[in-house]
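*Asks:* Given next are the chains, with one letter for each unit.
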Amino acid sequence: MRGLGWRALEAFGNRREASIFVVAVGLIIYFSLRSSAFYSSATIKNIAEYMAPIALIACGEVMLLICGEIDLSVGRVFALTPIIMYLTTAPEPDGLGLPIWLGVIFGLLAAAAVGLANGVITTYLGVPSFITTLGMLFFLNGINLRALHGFQVETPGGSTFRKIFGGYPLWLNSEFWWALAIVIVLQIVLVWTRWGVHTVATGGNPIGARESGVNVRRVKIGNFVLCSMLGGFAGIMDSTRITSILPLQGGTDIMFLAVAAAVIGGTSLMGGSGTIIGGFLGVLVLAVLNIGFTILGVSAFNFDLIIGIAILGAMILNVQIQRLKNLGQIGRGR
Amino acid sequence: MRGLGWRALEAFGNRREASIFVVAVGLIIYFSLRSSAFYSSATIKNIAEYMAPIALIACGEVMLLICGEIDLSVGRVFALTPIIMYLTTAPEPDGLGLPIWLGVIFGLLAAAAVGLANGVITTYLGVPSFITTLGMLFFLNGINLRALHGFQVETPGGSTFRKIFGGYPLWLNSEFWWALAIVIVLQIVLVWTRWGVHTVATGGNPIGARESGVNVRRVKIGNFVLCSMLGGFAGIMDSTRITSILPLQGGTDIMFLAVAAAVIGGTSLMGGSGTIIGGFLGVLVLAVLNIGFTILGVSAFNFDLIIGIAILGAMILNVQIQRLKNLGQIGRGR
Amino acid sequence: ACGGGGGNSSSSGVGNYPETPKWKWVFVNHVTTNPFFVPTQYGIEDAGAIFNTQHQWTGSENSDVGQMVSAMNTAISSGADGIAVCLIDAKAFNEPTKKALDAGIPVIAYNADVPPGTPNERLAYIGQDLFVSGQKMGERIVELIPSGDVAGFIATPGSLNIQPRIDGAKQAIKDSGKPINFTQVATGADTAGELSKIDAYYQGHKNLKGMFAVDAGSTQGVAQVMQKYNLPSKGIHGGGYDLLPTTLNLINKGFLDFTIDQQPYQQGFYPAIQLFLYKISGGLMAPSDTNTGLLFVTKDNVKPYLNTKTRYEGSASSQQYVKTT
Amino acid sequence: MSEPGNGREADDVIRVEHISKRFGAVRALEDVSLHLKRSEVLGLIGDNGAGKSTLVKIICGFQKPDSGKIFVNGEEVHLRSVQHARSLGIDTVYQDLALVPGMSVYHNMFLKRELLGEVGGVSLPFLNNRDMRKRARKHLDEMGVRIPDVDAEVAQLSGGQRQSIAVARSVYSDAKIILLDEPLAAMGVKEGALILDLIRKLRDQGEVSMILILHNYAHVFEVCDRVNLLQHGEITLDKPTSETSVEELTELVVREYRQAAAG
Amino acid sequence: MSEPGNGREADDVIRVEHISKRFGAVRALEDVSLHLKRSEVLGLIGDNGAGKSTLVKIICGFQKPDSGKIFVNGEEVHLRSVQHARSLGIDTVYQDLALVPGMSVYHNMFLKRELLGEVGGVSLPFLNNRDMRKRARKHLDEMGVRIPDVDAEVAQLSGGQRQSIAVARSVYSDAKIILLDEPLAAMGVKEGALILDLIRKLRDQGEVSMILILHNYAHVFEVCDRVNLLQHGEITLDKPTSETSVEELTELVVREYRQAAAG
Ligand SMILES: Nc1ncnc2c1ncn2[C@@H]1O[C@H](COP(=O)(O)OP(=O)(O)OP(=O)(O)O)[C@@H](O)[C@H]1O
Ligand SMILES: Nc1ncnc2c1ncn2[C@@H]1O[C@H](COP(=O)(O)OP(=O)(O)OP(=O)(O)O)[C@@H](O)[C@H]1O
Ligand SMILES: [Mg+2]
Ligand SMILES: [Mg+2]
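So the sequence lines, in the order shown, correspond to chains A, B, C, D and E. Heads up, the first sequence is in this note's numbering, so the first residue is 1 and it goes up one at a time. Heads up, the second sequence is in this note's numbering, so the first residue is 1 and it goes up one at a time. Heads up, the third sequence is in this note's numbering, so the first residue is 1 and it goes up one at a time. Heads up, the fourth sequence is in this note's numbering, so the first residue is 1 and it goes up one at a time. Heads up, the fifth sequence is in this note's numbering, so the first residue is 1 and it goes up one at a time.
So that you can see chain A by itself, here it is in the shape it has in the complex (with noise of 0.2 Å):
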């Protein structure tokens, strides 16, 4: 007879992200071991830090991804959000010198219209993903740079609004506690209600999902849209805590990594797999390989030469543990 805890071992072996786990612990683990620093509040605050836009930007391409879209142009919704923010809020005539939640809620409201913009093209028109957004990324880019004429602004906001996204609350950063609670809400969604399965089938068989009746298309917006949100939100938060909203920020960089980190986490970029949970522990190496590496003192010229062989390394174990791991259940044969 095996006991509860083996049997909650299995449970959570037999799960997608059990390997990414392992890896992501071994790094940790790693790199407690080669320098005192790192073991430390401070550098657990500053993955925090780190990890937080990556993470959610990351939930929504894991969405996109799964069901068998692209965003390319997130990364400036991410700058975009906050500029809007800066011109609702803004004493005239910069700005409309409104206060602050409507600067969020506009701010927002514009990066859902962007990511309703990437559906529509996407599905109605039949533009691939890949250059609807890519097109999207220079568009917003020139708008970005107009709207701040190249230039950057300090963040606005009061001490209330600093605290709900840009304060300690609870020793970390709220950003990332932000963050945390979406990947916890989207993993919900994703496995526990009907957008998810739906999601699942777009991306899987889009074909036969339309013959089951799934409107692929509405659920092909949806999550372009949210993507986007998530985007615009990761903004405002990241703006607050550097306290200034630059509009070259985020950009392709934070894309690339947020797409990276789905994959790492075990989304497909063919479509029809993939779990938030997964993305975020993404997240999470290449947090920890980033910092880590900082910490130890990479120099400047050695540092991408590393980050390269690392996260090749990582890759390589993860999906190594998950074949031995796919060996003790069923698996996908050969």
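By construction, these hints were calculated from the structure, which means they are not laboratory data.
Computed spacing ranges between beta-carbons, pair by pair: (1) C/22 - B/154: 36 to 42 Å; (2) A/162 - D/130: 42 to 48 Å; (3) A/93 - C/179: 52 to 58 Å.
If you're wondering where the values come from, they're calculated on a predicted model, not measured in any experiment. No residue lacks a Cβ here, since even glycine has one placed at the ideal position from N, Cα and C.
Once you have looked at the hints, place chains B, C, D and E with the ligands on chain A.
*Replies:* Relative to the frame of chain A, chains B, C, D and E with the ligands by itself:
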């Protein structure tokens, strides 16, 4: 009785690339009307120079995308190869002081090695190519920076070398002619050889291809090597054109443009379909837009804004033309 | 469709000058959308308004030399009347420069110049060389820190708009012969990550004597980390480049020793004027090398930066006359 | 040949009139008319490529006809989508099964009609996976299909196991009109027999009407009240099964091929 | 039950001994032994999920068995891949057809055995699309399948049209051992009959041996010399068709389900 001209036109119209070709021509006409400067030999030279490296890389990406993979690292190989060439030819102690031809060969071998690594890690170790090549992207950037200590050097090579790779035979730059030749060759490979058919099969139905006895792994690895070598070749010629070698040359930007061109040209990110010619036309569209708007005197801030709209517009047009087209022939239903 | 430019297009010439065609200067830049160059563009605009000329601001968004060469060629073929270009590469621009001059188009280098002795034929260089400014920073570091570990943060190593700065600093420190151990640290392209990485680096290197950065984002990051752990009290010094609001604030609060203002406004204003003089004098007035200098912004002189937003720093787009109080 | 409704149109739950559908050069359907009476099982047979699946896809709203009318329960409808057809009580077993390979057996079986959790009669927005699992298992057992685990991904199942899921999905839905496109194609003898039993049961309950595409004429005569023969996109025979025989149908189908062989 | 080779092993083109295959918890094959004599047509029947396709995929080198031996023409082989099995003259019609939807009919039909162009006996590295088109068209006509255009993408074809392509691919290959996994599943009566004719013809020429997975026992008795029954991963019957009947087989298969129904 329909005339021969009509039939020819129809035959062309049935080709997948017809619509994007129409779009490209439309853009050229537009800019010619807007500015006399556009319709000048100097401009055509510019466009050719702009196109050449992207076209070469796009060829590789098209083949890879068709068989269901992608290479994010090719932009770094674009920088690596000329660096290897430099290190081979530079006099001691900087380099080995070997003749330029060996430099080219070593450079291309290095590129091939990178492609091989990408392919093996992806097919045998089962890491998604997005991550494999992302890791490679970082790794190579580190290598390039270290190799040149983050600085630029002068491109080696005598006059004959320049003529072949950086000269202007037959009015346009030789790099463009190389690109054009390779486009034609690869289009033939794709449509008229076993390799091409097996590449399509591999991407179109990976399991089915394996069941049919296609060596899926070999096909993928082969195309990884091809893509990488094309990137390297482009790098050598482009560094010859701009007469200096920089560690950050190319990078993700040129890779992005190449993939975008491929998709604009009708290649599917999901694998299984695409054409080299289409990719080339995609590059043409991007080149015309960039050079065109620059000639019209659009400044940086507006530039992205306008390019974004233009890409969306061009693509929407492209898709609509295709839909009209498909009504006229055996179509994909609705 | 033309960015900026403008001024009154009066039929007669401006000031005492005879009527001239509305000349078009093309500025080829290596980081066209970088905030650093916003004042530069205002400088060009304002000069354009005086002399009734127009300009185009083009090039590459992240120091892609290939794109810049292509932009320069396009400028030539689209009939520019003058070209100002950042010569961030020692060799690549020789060809197009020559081509332009042969076509009768004056070429001036601004912000970045080719090393002395290279065969580039540009008529003059206007600006403050990145490497030189880096050396100045290095000298300042040497003044502040007698010995120990010093970190130099750079967003993207090898980037031609910042790498020379850090190389210059390194050089100066080396020349000083002081026992300072200077390490370059990469912080990544986006400001969010930069902050975390600088923080992390400090965590791993508590024995640091100084933290300095060569790009706007990293500089702000350094300032914020200095504040977060109140490092000045620990005798740690910090400094960097450019005028992000947060950076200026924290200088005022005494968390950051200095930031370097390379007066980008002048780097646009003077080239525009010199191109005009060259054209109107039929080339008799040869453009002259001009050092736009650099300004160390410290607690002592930061005030005016804080309480005025001006075009000259890029922090405001509106024209204004800043009266000295 | 095909007089729609012949008189007792009121009884027709489905009536299709003069439907045509082209795919570029291919004439999939030419002026096809067909009707399905209430609680009737209509067998639809014909060569490969005759147009059977196309007809079904048009009736279930997946494809739009180029021309022709569709009546459901006597009223003309312009089907916008599969959802629309479903709202009218039409459900379909597609020849391609329309399953999602990467999704679990039970999620596939309840796709688009997922069961939601409840608390005191108030339904929550969350899936009730427990009940879906239970029912899925029950349905499969009733169909005599041995499937290792309803949590298994469909991708791991055998051809017949997959088809049984697609069939169960529709047969156990509350649809009043079910279109089955070759539901027995991959079924074993035993499993096939059980599905035919099920179909008979449904018919005898008198609530469900079905169109059944079959290639095995023996099966046709086991369950169908009436049979239509579709050839080259036209309906060339419409008889009650009582008035025809396997031989006649075979004869009709094979004749022209003999001619072809001869000529 | 299954005595491999029973004496005349020399004649066996394929002999499989004590093959087992598990997928995680699922036992797909348990100690299965089976043999195929030269120029024999062996019928393989069994419930859905019995393990038929798995067995075929193992014999054709697509999957590796967990344990057991495979002999081809008397020699033991360790199949590394489908290519390897092909090099031994084994070709397969898979249940999933293994077609590439986006590719033309004729490229699918000649996948992995493309015809190359020639100039004066010297073969070029280029495809000979003209001949492939011609032959594809010819094969399809012989099978009585109406396909609008061999240049059409397989994605546009009907279920039966697709299957006919998969079947033609193997039947018209020069393979000496052909494994057909439910080749008639989607076939019309006429097209099915023609394929059975073809199989008979091949057998009578005495060069090709075949394993034929079928669910329609009538078909089994039309073409098979011998029949094996696979149940729950074990072979429970191995008889010449001359010594058994549709009734017996049906009885065998349905019995246990009656038991299940009873108990
Ligand atoms: N989406 C499509 N695009 C182009 N042609 C199509 C499409 N769908 C069907 N066809 C053609 O229409 C004809 C009828 O197809 P359909 O699937 O209705 O035949 P069927 O009667 O179902 O045949 P089967 O018994 O093999 O399933 C075929 O010739 C097929 O090639
Ligand atoms: N790749 C796989 N992963 C997990 N289980 C599998 C896999 N392939 C087959 N199985 C299981 O093995 C058993 C046998 O499958 P197989 O396809 O051989 O059955 P079959 O006899 O062909 O059935 P059918 O007549 O329906 O085609 C089934 O229970 C199936 O679920
Ligand atoms: Mg059909
Ligand atoms: Mg099977």
